[in-house]
Every structure is written in structure tokens, then in C-alpha cells.
Amino acid sequence: MQIINEGITAPIGFKAADAQAGIKYQGRTDMAMVYSEADCTCAGTFTTNVVKAAPVIWDRDVVVKGGSARAIVVNSGIANACTGRDGYEICEKTADATAKALNIKPEQVCIGSTGVIGMQINIDKIVGGVEKLATSLTDGYDASERAAKAIMTTDTVHKMTAAEIELSGKKVTIGAMTKGSGMIHPNMCTMLCYITTDAAISSEMLQKALSASIVDSYNMISVDGDTSTNDTCFIMANGLAGNEMITEDCDDFKTFCEALDAINKDLAKRMAADGEGASHLFEVIVNGAKSKDEAVVLSKSVVGSSLCKAAIYGKDANCGRFMCALGYSGVDFDPDKVDIFFESKAGSILVVSQGAAPLFDEDVALKILSEEAVTVRCEMNAGNSSATAWGCDLTYDYVKINADYRS
Numbered sequence: 132m133q134i135i136n137e138g139i140t141a142p143i144g145f146k147a148a149d150a151q152a153g154i155k156y157q158g159r160t161d162m163a164m165v166y167s168e169a170d171c172t173c174a175g176t177f178t179t180n181v182v183k184a185a186p187v188i189w190d191r192d193v194v195v196k197g198g199s200a201r202a203i204v205v206n207s208g209i210a211n212a213c214t215g216r217d218g219y220e221i222c223e224k225t226a227d228a229t230a231k232a233l234n235i236k237p238e239q240v241c242i243g244s245t246g247v248i249g250m251q252i253n254i255d256k257i258v259g260g261v262e263k264l265a266t267s268l269t270d271g272y273d274a275s276e277r278a279a280k281a282i283m284t285t286d287t288v289h290k291m292t293a294a295e296i297e298l299s300g301k302k303v304t305i306g307a308m309t310k311g312s313g314m315i316h317p318n319m320c321t322m323l324c325y326i327t328t329d330a331a332i333s334s335e336m337l338q339k340a341l342s343a344s345i346v347d348s349y350n351m352i353s354v355d356g357d358t359s360t361n362d363t364c365f366i367m368a369n370g371l372a373g374n375e376m377i378t379e380d381c382d383d384f385k386t387f388c389e390a391l392d393a394i395n396k397d398l399a400k401r402m403a404a405d406g407e408g409a410s411h412l413f414e415v416i417v418n419g420a421k422s423k424d425e426a427v428v429l430s431k432s433v434v435g436s437s438l439c440k441a442a443i444y445g446k447d448a449n450c451g452r453f454m455c456a457l458g459y460s461g462v463d464f465d466p467d468k469v470d471i472f473f474e475s476k477a478g479s480i481l482v483v484s485q486g487a488a489p490l491f492d493e494d495v496a497l498k499i500l501s502e503e504a505v506t507v508r509c510e511m512n513a514g515n516s517s518a519t520a521w522g523c524d525l526t527y528d529y530v531k532i533n534a535d536y537r538s
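Just so you know, the sequence shown maps onto residues 132 to 538 in this note's numbering.
Calculated directly from the structure, the hints in this document are not laboratory data. Hints may contain errors.
Result set (DSBU-like, lysine-lysine): computed pairs, CA atoms no more than 30 Å apart in a straight line [as the list claims (entries may be wrong)]:
#, residue 1, residue 2
1, Lys196, Lys263
2, Lys423, Lys302
3, Lys280, Lys263
4, Lys339, Lys146
5, Lys339, Lys196
6, Lys196, Lys396
7, Lys302, Lys385
8, Lys446, Lys396
9, Lys301, Lys385
For each label pair, taking beta carbons as the anchor points, the in silico distance ranges come out as [said to hold, decoys possible]:
#, residue 1, residue 2, range
10, Glu493, Lys196, 57 to 67 Å
11, Ser501, Cys213, 35 to 45 Å
12, Lys301, Asn449, 46 to 56 Å
13, Ser479, Thr269, 15 to 25 Å
14, Lys498, Lys196, 33 to 43 Å
15, Tyr459, Gln485, 16 to 26 Å
A virtual CB, placed ideally from N, CA and C, is assigned to each residue, including glycine.
Build the full structure now, drawing on both the sequences and the hints.
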């Protein structure tokens, strides 16, 4: 597998475009389209929030009923959530306009929205945006980058990547773009993610790969404890690479899954690092847990703790907060066996030894915690299972951004 500096249009047969539709933002692009020249198998995972945005309901039906897709249309600025029947009609009209512009079926259109919840979208602006997008589709790095930028809301950087692998002697490419900065919390998914591939793979195996991949990637990040109404991860595979069709577990399927995992983990970490107002990527590694499930719960408890996040922001080696977060996770463990280390590219320091705080050099700890990426490694010494979660620090700017989000 080779990670390449490309994005959503890297696989054969995929094009993308961006447009200024004026949905909410002014003076910037706010719509993106991804299009495949051939029919695609597709798969998706969606928010566990009971309150689901209209595009989530639409996309879930695309996956469940058809398993075929050709295009993705995404707008930023307004989430089309908590909008009732009118919101779903927006999806229907968006799909109809896209189908007409691209000469495909409405049920082959995936729709995404992100932004303010509870506002209605002006359908005329959406349709106008679709018409602009359909006439400006192209491939290449610039098209991928522009599409990734168009779906941003409070993100400070766009997020995209791609990877090349070999399946049955053919070069296969996977490309992806994500957006996510706030309303991010585990339990699938935690943002918008769109993935393309020219691999030949059945819808069933594509869904199996995606559902497994999000467990250790997007489901292991947390910025603020809020699971959005719009969380979607959607993948399309057009088969144009010409590999043998993957219809069951095999070596090619394993290789595909490994590449998909690498892409999703990379983008998950980028979203965590770009959390609203964040100044640090906050990684939590739990080793030596009794089971994988317990390791996951423990790591999520620490990475989601407001007090731990505040300590990371303050570069404060307040080791008791991290023990506390492990303790209220719901996992039964022996505190007297726990060791905790603070780590970064500046070094590593033991701050909890057998459940107690040893004497340690505060200046060394400060240096370690001053790096942009900080890891808290928790050694439970109770078993052989591990898990890693990603988040960010909690800063004053997070409150500022969300206090006046609508304005």
C-alpha cells in the first residue's frame, strides 16, 4: 500500500466540482459534487442519533434499497436537520436536479448537508448550485482539493487523502475527503466522509469493509461529546480498475480493508486535531486491558473527559484527572496496577506508577505537553488488549465558536 497526495478523484473514472451557491456563506464555495463515469456499488454508515437529518434518511435508503450510486452532492452552511417533510422534499428535488443534469437516476444520488440545524434550505439555490457543479466536473488534485474545501464549516483545514494498492495484479486506488471539527463524538459516524474507489467489489463486501473500518477510526474520535444529526460515511466503488470482483473474504479483500483502514484512521486523526478551537491533538492509548471492549471504553472515557481535555490545553501534568476518567468509565480494574505516561515527540514521562503519582520533573512534563500532538498512554496491566482514541484539547475558542455559531 502506498499513500499518495491525492483525494476524491484519484481513482479512475471519478470527477469532482465545487460551486458558490450562497446557501448561507457568502464569498466562498459551499457546494461540492462527486461523479462516477460508471455505475458504482455503494455502502454507508450513519449517525446513531435518533434525530436524523433528511440527507441521512435519504442516503440510508440509497444504500439499503439500491446498493448502486453515481453521484454525491454536498452543501455546507445549513444541515437540513430538524426540517420535517420539507427537508426530505429538498433531498428529493436535489436528487431530481442532479439526475437530470448528469443523466442518471435520482436514486443513484447520495446527498449530504452540514451546518446549522433547524434552518430550511432554499431549494432554488441548491438547484442552481447543482447546475453549476454538473458543468464543471473534472478530475485531478485541484478538483479534489476544491471539493474538500467546499464542504467545510468550522474546519480550519480541508481533509483529503488517497492510497494505491494491488488487487489481482491490477492497480487499485482509494480516495477520500472528510469534514469535521465540532459535534464530534464516537458512535458512527462523527462527521461527513466520502470515499471513492475503482476497485471491483460487491455491495455486501463493501459494506462489510466499511462497517468494520469505522470501529477503530471514526468511532474512536471525540471533540465535544456531541453526536451530530448528519453523521455519514459513504463509499462508492466503480470497478474500473479491472481487478477480479471481490465477492467473499480473500487475500484481495484483506488488502482492500487494510488500505481503507489506513485512510480512515488518518482522516479521523486529522479531524480530531482540527477540533473547534483546538491547539493540541490528544491521543489516548490503552494497553493491557482485559478485553478489546474494555480498552475501547477506557480510552474513550479519557479522551472525552472535559477535565482531561482542559489539562492538555493548559499543559498541566494533572495526572489525577486521567486516573479519575479511567475510574468512572464503568470498567472494573485494579487501580494499583495502572501506570500512565505522557508522551510526545519531546519525550516520555511516567506520571502514574502503580496507581499513585511518583515524583517527576514538572519541567520535562511541560515540555512534553507543549507539543501539538500529545499522547496519554495508560498501561492497565490486566490483560493483552489495546485501543487508541483521538480527540483534542478544550479551549476558550471552542466556547466562542459555538456561542455565536448561527451568526
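Hint check results:
no., hint, result
1, Lys196 with Lys263, "29 Å, holds"
2, Lys423 with Lys302, "34 Å, violated"
3, Lys280 with Lys263, "16 Å, holds"
4, Lys339 with Lys146, "26 Å, holds"
5, Lys339 with Lys196, "17 Å, holds"
6, Lys196 with Lys396, "29 Å, holds"
7, Lys302 with Lys385, "15 Å, holds"
8, Lys446 with Lys396, "26 Å, holds"
9, Lys301 with Lys385, "15 Å, holds"
10, Glu493 with Lys196: 57 to 67 Å, "59 Å, holds"
11, Ser501 with Cys213: 35 to 45 Å, "41 Å, holds"
12, Lys301 with Asn449: 46 to 56 Å, "53 Å, holds"
13, Ser479 with Thr269: 15 to 25 Å, "47 Å, violated"
14, Lys498 with Lys196: 33 to 43 Å, "56 Å, violated"
15, Tyr459 with Gln485: 16 to 26 Å, "20 Å, holds"
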